[in-house]
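Given chain A, work out where chains B and C should sit, using these hints.
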Amino acid sequence: MYQNFAPIIIFVTIGLLLAGALFIVQSLISPKFNKGGEKLATYECGEVPEGSAWIKFNIRFYVIALVFIIFDVEVIFLYPWAVVYKSLGLVAFVEMMIFLLILVAGFAYVWVKDDLNWVKLSVKYGKGRYSELAAKEESSP
Amino acid sequence: MSNLLSLSDYLPEMILLGVILIAIVMDLVPATKRFTKGFILVGLILVAAFLYQGDTSASSLFMGMSAHDPFGTFFKWLFIIATFFVVLIAKYDDGMDQSIAAEFNILLLIVMFGLFLMATATNLVMVYLAIETVSISSYILAGMLRNDIKSNEASLKYVIFGAFASGLMLYGFSWLYGLSGSTDLTIIRDVLMTQEGPVFVVYISILMVLVGIGYKLSMVPFHYWTPDVYEGAPTPLTAYLSVAPKAAGLALMIRFFTMTFTDGAGETVANVDWTVLIAVLSAITMTVGNLLALRQENVKRLFAFSSIAHAGYMLMVIPVISTDSSAAIMFYLVPYLFMNLGAFFVAIAVSNHTGSYDLAGWKGLGKRTPLLAALMVIFLVSLTGLPPTAGFIGKVYLFSVLIKHQQFYWLAVVAVINSVIALFYYFRIVREMYFTDSDDTEPLRPHPILTWSIISCVIPVLVLGLYWSPVIDWVTASLKMF
Amino acid sequence: MDNLTSYLVISGILFSLGIFGVMTRRNGVAILMGIELILNSASLNFVAFNRFGGMHRLDGHVFSIFIIVLAAAEAAVALAIIINLFKNLETVNVDQADSMKG
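Chains as they are written, first to last, in our numbering: chain A, 697 to 837; chain B, 918 to 1399; chain C, 19 to 120.
So here's chain A without its partners, still in its complex pose (with noise of 0.2 Å):
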């Protein structure tokens, strides 16, 4: 059976050759530049660059997207659902309409949570023995 490879492997090394000798030439007949500067830069539409790609994104980001990933992927059970949703009847639409039921008391929790907000309006703290860390950290900037 090694001789059903034979074109593959063959393929591959031309592959590798031509790749190879591709930057051979290529390191051969461009001219020879002073690599360093704006020759290294960033491209950004001709500004000069400002800092590092590698920031902190803000932490709404991260809330919003663990609140997408929790009911995409709970869609995932609708599928199966759906092929043998015509043999199964009204039973299994019972069935998928609790669990939707359960996903839509989440989503009100995130709703009335503030948390589909991108500023989120009511910020509470309680009375526990925390609460002065809280209040340090409303009051500082």
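By construction, these hints were calculated from the structure, which means they are not laboratory data.
These numbers were taken from a predicted model, which means no experiment stands behind them.
Idealized CB from N, CA, C, for every residue including glycine.
Any given hint could be a false lead.
Stated by the list, open to error - The following residues of chain B were derived to be distant from chain C, with all beta-carbon distances above 10 Å:
| no. | residue |
| --- | --- |
| 1 | L922 |
| 2 | W994 |
| 3 | D1011 |
| 4 | N1064 |
| 5 | I1077 |
| 6 | F1081 |
| 7 | M1176 |
| 8 | G1281 |
| 9 | Y1326 |
| 10 | V1347 |
| 11 | T1353 |
| 12 | H1364 |
Claimed, not checked - To list a few chain A residues with every Cβ distance to chain C over 10 Å, as calculated:
| no. | residue |
| --- | --- |
| 13 | K728 |
| 14 | P776 |
| 15 | G785 |
| 16 | A804 |
| 17 | L812 |
To be verified - Straight-line distance between alpha carbons at most 27 Å, and here's what the computed DSSO-like set of lysine-lysine pairs gives:
| no. | chain 1 | residue 1 | chain 2 | residue 2 |
| --- | --- | --- | --- | --- |
| 18 | C | K105 | A | K809 |
| 19 | A | K752 | C | K105 |
| 20 | A | K752 | B | K1067 |
| 21 | B | K950 | A | K809 |
| 22 | B | K954 | A | K809 |
Positioned in the frame of chain A, the structure of chains B and C alone reads:
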């Protein structure tokens, strides 16, 4: 039984689910927000009522997914009692963030729902789902105090250890499925019993299942999360974690190890000798728990190690493959539930006054608040396993299993030595309370509901120490498993 | 290449990589990635056993769907906890969460 017919035996779970959903919505509507806690307590009583009404025959539900049997019902009662107490007193812990009290209670109900599934699961899918339902909600509960670094850290350690352990267990499940061709525990047992071939694979799978369950039981060497999570988590949750998931883990352990990995008559599957392994691990568990508890200065950490040691005592009888061992564990769980909850509630009452869980805060409690100190002494005596308390009777039953079946005598010796070690650290608390004086002579004034909860925990501990035959009858009647 | 063994080998490799990741990484998110690898290896095992084990029922496939969903739920909770850790400690390095000892 088919899916629709099963629903009639599934009323307690369905009501619980309804209570959870309604409670979530109630907490969101400003007009009904105040009544959420009361509604949850009423809901729990309703679940208990339907559990009481349910018939006592053993049957299989949802095409083999889950079982309806007296064994599961016994554990469900323990979960309801524990949840009721914790929901009741959670408000009176000053360390709690009251703005999220409703979420705390609802998540506690979801944990309880998972525990219900855990105690009745007879299918690998159901076991995995149940364990994850319990775990994921517990991770959130442990990190509930968002601005407290310790709570945050506790939930971080919990989630990493927990996800890792359940991942390992899942890999073991996949091999069990591959070996037997089914996810049903009874079929797995039947296939494994006739297994001639790769014993090594069976051994590895059993080991991985042990990791997952051992983590829930905080069995050494999977106990590293226990002290940190117990210390960092909100104390009502710590009290809950130390009893309810542990009981569910033991139920699962009995279903897996006493039912699935044996032929039911004392033979292990595929000649895999897991009994010695569990015997050694239980000896190590109780020894490590007791020795490390000796040098703790924080009461919550002390009880964390004490609960590890108690897991060791209860695991001691698992290697004896017999229904006697299940009965002994189930009997021990009843006083264990009350004495552990009670001890944690006293700790809450003390820390409400002192603001911390340091052992030093207990100084002179015997003079300041004689009632609370006296109740604590009863819990400690019971935890040590001395007469005339229920803890003593429970321990006697555990030991008698080893003696009766004439197996693992050395384990009984180790357990006796450990009980003596335990005496030292439990009585360190007694010494702090009665034999040291404090500058602070102000008496503690716990909220009446907290006091009455502690008193209602102490009654079973004392009564069962003198008159325990009803519980034994109940346990014997509950040994029917599907 | 269409046999059970190759799938089991791949899942074994995934499993080992996952354990390696959990054991060696100090970044909370990287540890989570290791855990996801372990879960995926189990998921792959289930599907492979179901496909090649001559089983008529779809238990394995259904199980792997449940694994995917629960892995997402677990990851969501774990990430939320790590975000909270970052708020409190300004780091996602789990070594620095060490206020409790003993």
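Structure-based check of all given hints:
At roughly 20 Å from the closest C-beta of chain C, the C-beta of B/L922 stays outside 10 Å, upholding its exclusion from the interface. Distance check for B/W994 against chain C: the nearest CB is about 28 Å away, which clears 10 Å, and the non-interface claim stands. The Cβ of B/D1011 lies farther than 10 Å from every Cβ of chain C, with a closest approach of about 20 Å, so its non-interface assignment holds. Look at B/N1064: its CB is around 7 Å from the nearest CB on chain C, not clear of 10 Å, so calling it non-interface is violated.
At the 10 Å boundary, the C-beta of B/I1077 falls inside the reach of chain C, the nearest C-beta of that chain being 6 Å off. Under the 10 Å C-beta cut-off, the non-interface status given to B/F1081 relative to chain C is violated; the minimum distance is some 6 Å. Chain C leaves B/M1176 outside its interface by the beta-carbon criterion, the shortest separation being 20 Å against a cut-off of 10 Å. No beta-carbon of chain C is positioned within 10 Å of the beta-carbon of B/G1281; the least distance is around 25 Å.
With a minimum CB-CB distance of about 34 Å to chain C, B/Y1326 clears the 10 Å threshold, and the non-interface call stands. With a cut of 10 Å on Cβ distances, B/V1347 stays outside the contact zone with chain C, its closest approach being about 22 Å. With a least beta-carbon separation of about 22 Å from chain C, B/T1353 lies farther than 10 Å from that chain, consistent with its non-interface assignment. The claim that B/H1364 is not at the interface with chain C holds, since no C-beta of that chain comes within 10 Å of its own (minimum 28 Å).
At the 10 Å boundary, the C-beta of A/K728 stays outside the reach of chain C, the nearest C-beta of that chain being 41 Å off. For A/P776, the non-interface assignment is contradicted: its Cβ lies about 7 Å from the closest Cβ of chain C, within the 10 Å cut-off. Look at A/G785: its CB is around 20 Å from the nearest CB on chain C, clear of 10 Å, so calling it non-interface holds up. The Cβ of A/A804 sits about 18 Å from the closest Cβ of chain C, beyond the 10 Å cut-off, so the non-interface label holds.
Chain C leaves A/L812 outside its interface by the beta-carbon criterion, the shortest separation being 16 Å against a cut-off of 10 Å. Restraint check for C/K105 and A/K809: satisfied, since their Cα atoms lie roughly 19 Å apart, inside the 27 Å limit. Taking the CA atoms of A/K752 and C/K105, the gap is near 12 Å; set against the 27 Å cutoff, the hint holds. For the hint pairing A/K752 with B/K1067, the CA-to-CA distance comes to about 25 Å; that is within 27 Å, so the pair holds.
At roughly 13 Å between alpha-carbon atoms, B/K950 and A/K809 fall within 27 Å of each other, so this suggested pair holds. Distance restraint check for B/K954 and A/K809: the Cα-Cα separation of roughly 19 Å lies within the 27 Å cut-off, and the hinted pair is therefore satisfied.
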